[in-house]
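> What follows is the residue order along each chain.
Protein chains: 2
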Amino acid sequence: MSDTVIRFDLPQSDIPHHWYNIQADLPRPLPPVLHPGTHQPIGPADLEPLFPMALIMQEVSQDRYIEIPDEVREIYKLWRPTPLLRARRLEKMLDTPAHIYYKYEGVSPSGSHKLNTAVPQAYFNKQEGVSGLTTETGAGQWGTALSQACSFFGMECVVYMVKVSYEQKPYRAAIMRSFGASVTPSPSSLTQAGRGILAQNPHSTGSLGIAISEAVEAAATSGGKYKYALGSVLNHVLMHQTVIGQECLKQMEVAGAYPDVIIAPTGGGSNFAGISLPFVHQNLTAGKKTRILAIEPAACPSLTRGKYVYDFGDTAGIAPMVKMYTLGHGFVPAPLHAGGLRYHGMASVVCELYDQGLIEAQAVPQLETFSAAITFARAEGIIPAPEAAHGIAGAIREAQAAKEAGEKRVILFNLCGHGHFDMSAYTAYMNDELTDYEYPQEAIEAAMAQLPQI
Amino acid sequence: MSDTVIRFDLPQSDIPHHWYNIQADLPRPLPPVLHPGTHQPIGPADLEPLFPMALIMQEVSQDRYIEIPDEVREIYKLWRPTPLLRARRLEKMLDTPAHIYYKYEGVSPSGSHKLNTAVPQAYFNKQEGVSGLTTETGAGQWGTALSQACSFFGMECVVYMVKVSYEQKPYRAAIMRSFGASVTPSPSSLTQAGRGILAQNPHSTGSLGIAISEAVEAAATSGGKYKYALGSVLNHVLMHQTVIGQECLKQMEVAGAYPDVIIAPTGGGSNFAGISLPFVHQNLTAGKKTRILAIEPAACPSLTRGKYVYDFGDTAGIAPMVKMYTLGHGFVPAPLHAGGLRYHGMASVVCELYDQGLIEAQAVPQLETFSAAITFARAEGIIPAPEAAHGIAGAIREAQAAKEAGEKRVILFNLCGHGHFDMSAYTAYMNDELTDYEYPQEAIEAAMAQLPQI
Numbered sequence: 076m077s078d079t080v081i082r083f084d085l086p087q088s089d090i091p092h093h094w095y096n097i098q099a100d101l102p103r104p105l106p107p108v109l110h111p112g113t114h115q116p117i118g119p120a121d122l123e124p125l126f127p128m129a130l131i132m133q134e135v136s137q138d139r140y141i142e143i144p145d146e147v148r149e150i151y152k153l154w155r156p157t158p159l160l161r162a163r164r165l166e167k168m169l170d171t172p173a174h175i176y177y178k179y180e181g182v183s184p185s186g187s188h189k190l191n192t193a194v195p196q197a198y199f200n201k202q203e204g205v206s207g208l209t210t211e212t213g214a215g216q217w218g219t220a221l222s223q224a225c226s227f228f229g230m231e232c233v234v235y236m237v238k239v240s241y242e243q244k245p246y247r248a249a250i251m252r253s254f255g256a257s258v259t260p261s262p263s264s265l266t267q268a269g270r271g272i273l274a275q276n277p278h279s280t281g282s283l284g285i286a287i288s289e290a291v292e293a294a295a296t297s298g299g300k301y302k303y304a305l306g307s308v309l310n311h312v313l314m315h316q317t318v319i320g321q322e323c324l325k326q327m328e329v330a331g332a333y334p335d336v337i338i339a340p341t342g343g344g345s346n347f348a349g350i351s352l353p354f355v356h357q358n359l360t361a362g363k364k365t366r367i368l369a370i371e372p373a374a375c376p377s378l379t380r381g382k383y384v385y386d387f388g389d390t391a392g393i394a395p396m397v398k399m400y401t402l403g404h405g406f407v408p409a410p411l412h413a414g415g416l417r418y419h420g421m422a423s424v425v426c427e428l429y430d431q432g433l434i435e436a437q438a439v440p441q442l443e444t445f446s447a448a449i450t451f452a453r454a455e456g457i458i459p460a461p462e463a464a465h466g467i468a469g470a471i472r473e474a475q476a477a478k479e480a481g482e483k484r485v486i487l488f489n490l491c492g493h494g495h496f497d498m499s500a501y502t503a504y505m506n507d508e509l510t511d512y513e514y515p516q517e518a519i520e521a522a523m524a525q526l527p528q529i
Numbered sequence: 076m077s078d079t080v081i082r083f084d085l086p087q088s089d090i091p092h093h094w095y096n097i098q099a100d101l102p103r104p105l106p107p108v109l110h111p112g113t114h115q116p117i118g119p120a121d122l123e124p125l126f127p128m129a130l131i132m133q134e135v136s137q138d139r140y141i142e143i144p145d146e147v148r149e150i151y152k153l154w155r156p157t158p159l160l161r162a163r164r165l166e167k168m169l170d171t172p173a174h175i176y177y178k179y180e181g182v183s184p185s186g187s188h189k190l191n192t193a194v195p196q197a198y199f200n201k202q203e204g205v206s207g208l209t210t211e212t213g214a215g216q217w218g219t220a221l222s223q224a225c226s227f228f229g230m231e232c233v234v235y236m237v238k239v240s241y242e243q244k245p246y247r248a249a250i251m252r253s254f255g256a257s258v259t260p261s262p263s264s265l266t267q268a269g270r271g272i273l274a275q276n277p278h279s280t281g282s283l284g285i286a287i288s289e290a291v292e293a294a295a296t297s298g299g300k301y302k303y304a305l306g307s308v309l310n311h312v313l314m315h316q317t318v319i320g321q322e323c324l325k326q327m328e329v330a331g332a333y334p335d336v337i338i339a340p341t342g343g344g345s346n347f348a349g350i351s352l353p354f355v356h357q358n359l360t361a362g363k364k365t366r367i368l369a370i371e372p373a374a375c376p377s378l379t380r381g382k383y384v385y386d387f388g389d390t391a392g393i394a395p396m397v398k399m400y401t402l403g404h405g406f407v408p409a410p411l412h413a414g415g416l417r418y419h420g421m422a423s424v425v426c427e428l429y430d431q432g433l434i435e436a437q438a439v440p441q442l443e444t445f446s447a448a449i450t451f452a453r454a455e456g457i458i459p460a461p462e463a464a465h466g467i468a469g470a471i472r473e474a475q476a477a478k479e480a481g482e483k484r485v486i487l488f489n490l491c492g493h494g495h496f497d498m499s500a501y502t503a504y505m506n507d508e509l510t511d512y513e514y515p516q517e518a519i520e521a522a523m524a525q526l527p528q529i
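Residue numbers (this note's numbering), protein chains in the order written: chain E, 76 to 529; chain B, 76 to 529.
For reference, chain E alone in the conformation it holds in the complex (with noise of 0.2 Å):
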């Protein structure tokens, strides 16, 4: 009992090389990016006011794997290779067949997996003389890796922070300041999208939309000096992320065995699309038959209730048009306590693969996943982002599927991040001021007649 193995770690020598790049793979290419105006092809030039021409290169190669720079491989090594966990407290608290892994990303310095993408993109914008990134943020995931990543590189982290989530969230904002950002509420008068939105009302407490809006007009009217950078959804991100999936690859091989099912939230893509590709990859070419389930929140349901057609990638319509599961530009997510997941389309890549059949969905409501996330925490020890803990709630139903069919089933799940920051989440929850969101049918059907016809 005492010899039991629970953890299976990697040396650092085993941190991929190499990210996983599904392009390659696909048994369809990903339908063109468009021109929010022109609804034309976009190419790598139009990107560039914006993107180092490193990251748009990556952005649409074909080629199978792309290789990972020592620079960025040497920062990966504070906190990589992730540890791999088999719960088995948790399957014994469930009293299930079947066996639980997880992938804890929550080791990384800013909390979640964001920083597995956040480095390589300060890198190659370094590389390039690009001397600082703008950025926005709604929870403060995103805006805390780069903030860090950029601290490494010594450059400038210009962030622009939802201000309700600024006044709300001020530990958050003094993380990023630690690292050396500049962390400024939006709407701010910094921008004409943000002077534009405060004439028309003072006490706007911004919206991730605007946010955005402020950082893409401070990249690009920095005359090359600051570049934009995005958190989620495009493929280099998703890419970036492979390390994840690559790494349990080896994990499970250490833990001798193969996972049966995949599980991880999805909001933009990208902690799903870290661990999961690179088995993908193995279903695709090597026989395996490992299913992938994407957990996404009842009030966001983009895959399940969405709809697959060209929408804009932002609220107001000024950013390109991508192919996607969407439930309209124009869908106000309600006020969801896992703010990562209230995009309201998809990556690229993941609706693809939805689209063919390679991957599953499921949606669960806000309150199973904060059951969960208490479940797994008095288990295992570790209190889960409310991200992290959609996943959670999908593993919980599959171990419980797996008892009443009486079968060993082996289930893995990305653990992308912890809750530290999280905790008036857990407080609400706990007093009994949470609640279930699910949109009616028309409120969607509203959203989608908005949507722009190509």
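Quick caveat, the hints were computed from the structure, so don't treat them as lab data.
Hints are not guaranteed to be accurate.
Copies of the same chain are indistinguishable here, so a pair counts whether it falls within one copy or spans any two.
Claimed, not checked - Calculated cross-link-like contacts (lysine to any residue; reagent style SDA-like; alpha-carbon spacing at most 25 Å):
| no. | residue 1 | residue 2 |
| --- | --- | --- |
| 1 | K167 | S206 |
| 2 | K398 | V384 |
| 3 | K325 | S88 |
| 4 | K325 | E149 |
| 5 | K201 | R453 |
| 6 | K398 | Q431 |
| 7 | K483 | R270 |
| 8 | K238 | E149 |
| 9 | K325 | T79 |
| 10 | K238 | A409 |
| 11 | K167 | Q87 |
| 12 | K364 | A274 |
| 13 | K167 | G255 |
| 14 | K478 | R453 |
| 15 | K201 | L169 |
| 16 | K325 | A99 |
| 17 | K167 | R252 |
| 18 | K201 | I449 |
| 19 | K167 | G204 |
| 20 | K325 | R82 |
| 21 | K325 | V80 |
| 22 | K382 | A518 |
| 23 | K478 | G331 |
| 24 | K201 | A454 |
| 25 | K238 | T502 |
| 26 | K363 | P102 |
Following the hints, put chain B in place on chain E, whose structure we already have.
Frame of chain E; chain B shown alone:
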């Protein structure tokens, strides 16, 4: 370059099987603990209302090694062995020839080393049929750890939290409640001690001394249902922490180095003892000559400016008397942000080692510790707890001394916890609202004058 290893992991089979008890190797035995009323040595029977017999026996044991029960090792596996890292980015930033290693205890689910002793304390109580534990907490690290440990063993946890901390740090209470603990702001009307204080001052914001009185009373008057648990100072608590140093011994071997100097913050003494005692053992028995350096706050300098005399363990003078370096139980420390380092005395084991010249001590001012914390965070990514920042400040001093001396000095320090729940302190530091505190000698003399005459 790319395959330089900076993290030295151990397999779970290398989690220690025994705690190391330095009482077996002390050149001179510990002075006896005295009854606060009679001033006579106290025996196991005196402690029985508060602690289970297994822990009382550990407290006075002269055995060099005490076996860690399987059930405790199984729970240690949720986070142990903890990582040992080489701070190469910090070395570069300081431009020092020193090699700086740090042991990171912040990966524990509770976020600090405290869980190392909370788990065995809960276990041994459970073994003797105790159904719950009472304790006090100030900043909240210890209350969090004990809540988790009780949850793992299905025990109740009753935490008295200093009222001012309870109000300033609501998220700490939320975590403890997530693990099922009951958290009561102290002074409370639940105990005679609390009611007494409230009768005198209905608006009392509490103190650690009052919270201790409430927790002790709640255990002592429970008819054996509850016992009491303490997070530092006692011999058995320090001994449980030796898993840290034992792992370091193996990890330094993996790293191919041996420390010239070991550095840790010192409040009650448990994290300092945890990393250093196994190396003191090597110094005493294997001819090693590692310098062992305790870092305390200049605002609470018990080792560097206190006297080695008998004093009460608590502020009120009702706890047993211990011979220790003390500033006097009437000493009121400044409102330092490193709440865990504000104890007027020090663990008996640490005091004996200091008095016998086997360890060194330095006091560092508050601002230096925050400056060190920010430097460390930007180099290594981790935001340290203010307590942990004292060890970093000490390590930076050593690295600078090594540079001046032109020496390749091997430094190992204990990073005992993260600062995710201390961002208000960082905010105050970044806003230039913090100051240093240096006690005038007269104030210390005045507190000393209240010492009991033995």
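> A separate judgement is required for each hint: does it hold in the structure or not?
Hint by hint, here is what the structure shows:
1. K167 to S206: between (52 Å within a copy, 21 Å between copies)
2. K398 to V384: within (5 Å within a copy, 76 Å between copies)
3. K325 to S88: For K325 and S88, the Cα distance is within 25 Å both inside one copy (12 Å) and across copies (20 Å).
4. K325 to E149: both (20 Å within a copy, 24 Å between copies)
5. K201 to R453: between (43 Å within a copy, 17 Å between copies)
6. K398 to Q431: within (14 Å within a copy, 74 Å between copies)
7. K483 to R270: Classified as neither; 58 Å inside a copy, 56 Å across copies.
8. K238 to E149: neither (35 Å within a copy, 45 Å between copies)
9. K325 to T79: For K325 and T79, the Cα distance is within 25 Å both inside one copy (19 Å) and across copies (20 Å).
10. K238 to A409: within (17 Å within a copy, 35 Å between copies)
11. K167 to Q87: between (32 Å within a copy, 20 Å between copies)
12. K364 to A274: Neither: 56 Å inside a copy, 69 Å across copies.
13. K167 to G255: Result: close only across copies, 19 Å inter versus 45 Å intra.
14. K478 to R453: within (21 Å within a copy, 47 Å between copies)
15. K201 to L169: Between copies only: 23 Å across, 48 Å inside.
16. K325 to A99: within (22 Å within a copy, 44 Å between copies)
17. K167 to R252: between (42 Å within a copy, 22 Å between copies)
18. K201 to I449: between (41 Å within a copy, 23 Å between copies)
19. K167 to G204: Between copies only: 22 Å across chains, 54 Å inside a chain, cut-off 25 Å.
20. K325 to R82: both (13 Å within a copy, 18 Å between copies)
21. K325 to V80: both (16 Å within a copy, 19 Å between copies)
22. K382 to A518: within (14 Å within a copy, 73 Å between copies)
23. K478 to G331: within (22 Å within a copy, 48 Å between copies)
24. K201 to A454: Answer is between; shortest inter-copy Cα gap is 17 Å, intra-copy 43 Å.
25. K238 to T502: both (22 Å within a copy, 18 Å between copies)
26. K363 to P102: Close inside one copy (16 Å), not across copies (63 Å); limit 25 Å.
The structure does not agree with the numbered hints 7, 8 and 12 stated previously, though it agrees with the rest.
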